[in-house]
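J.: Here is what each chain is made of, one letter per residue.
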Amino acid sequence: NAGVTQTPKFRILKIGQSMTLQCTQDMNHNYMYWYRQDPGMGLKLIYYSVGAGITDKGEVPNGYNVSRSTTEDFPLRLELAAPSQTSVYFCASRRDRGQLDTEAFFGQGTRLTVV
Amino acid sequence: GQNIDQPTEMTATEGAIVQINCTYQTSGFNGLFWYQQHAGEAPTFLSYNVLDGLEEKGRFSSFLSRSKGYSYLLLKELQMKDSASYLCAARDDKIIFGKGTRLHILP
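For the record, the sequence lines run as chains A and B. Taking the numbering used here, I'd label the letters of the first sequence as residues 1 to 115. Taking the numbering used here, I'd label the letters of the second sequence as residues 1 to 107.
Just to be clear, a hint being listed does not mean it is correct.
[Said to hold, decoys possible] Subject to a maximum C-alpha distance of 20 Å in a straight line, what follows is the list of computed DMTMM-like cross-link-like pairs (lysine to aspartate or glutamate):
#1 A:Lys-44 / B:Glu-41
#2 A:Lys-44 / B:Asp-5
#3 A:Lys-9 / A:Glu-72
#4 A:Lys-44 / B:Asp-93
#5 A:Lys-57 / B:Asp-93
#6 B:Lys-99 / A:Glu-103
#7 A:Lys-44 / A:Asp-56
#8 B:Lys-57 / A:Glu-103
#9 A:Lys-44 / B:Glu-9
Simulated from the structure, these hints should not be mistaken for laboratory data.
Isolated chain B, as found in the complex (with noise of 0.2 Å):
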């Protein structure tokens, strides 16, 4: 079966780090994906992991360990434009999405 896990909401402040974590038990895995998607628009690509350990490109980073089942994404010095839903996806043939993680900035 495939069961993809990550908080429903988060709440951060401007100029923060926040860490949105991911547990996955999929039948089969070659990877993990990071969307972002904006309320009324398609998801658009963050990241990728297929080894584990740390991945960083700019103010995002994202983590994996295939032995623990475990992901997260850090986003640091947080802006008012990243406050979106953050989906963690597993891939083998298929891609199978969680149910999203609704990212609040406050000011």
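Extracted from the complex, chain A is given alone in its bound form (with noise of 0.2 Å):
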């Protein structure tokens, strides 16, 4: 049991540059969040999905896209790098049960840089 994997760990990027943040969990979590967080500050929700084919915006959303296809995969993709995006990245799954839900398990995140 992995838990939740992202990857890469470490990523330098040029500005204009795309690329995607992989998030997987092996749980069967049906609800999914990618957050960032800037040097210093809390975690700002990017996106999230309560299901496969469900995505919707959180709070910072604009410069992302995310898929949701299947229940394990939950993508992050950056269409054209700008400096702001600098950030560390971090996912994160949890089942929903209600009133008897658990807690939302993280990655290890993804430091990207862009220059």
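Since each chain comes alone in its own frame, lean on the hints to assemble the complex.
T.: Here's what the structure looks like:
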């Protein structure tokens, strides 16, 4: 049971380049989330998904896209990288069981620098 | 809208008790999380409150008042390893985090 796996762990992009951050979970969780965390700050929600085929915007979606074709995978796409997207990106998942809910599990993060 | 407030920084002494407060105003609410995050690492789960009252887990306790939009995390018998950021988060379908409270422990 690997939990939530993010790849790559580190990446340097040039301005205008594109890339996909991968996120996979093997816990059969229906909910998945993407966050970014700037230095010394909290987590900002980019996009989330309540199940395969369903995605919705979070607090800071501009410049990003997501897809959820399977329960396991929730990739985050940056189309035209900008320096403002330099951040640490975390993926998380949880199983929604109403009031019996437990925690969201986080991946180890992707440290992205745009130069 | 979503608004979650917690103090930016706190300092406490090893062996003491510290309480970190969190207030929230969210359009939907189904529970409140507390996470711990050490520098350079992913957040790790501490507690989850869905009903009013106190949940105790060893040295850590968390309290929720839904009518007041208020929660706190209580850390007892502080240890140096408790130096970290503590993140409050409110959930419905989304999970929205506060900016985190950086806790410094002095020997």
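J.: If you test the structure against every hint from before, which numbers come out violated?
T.: none
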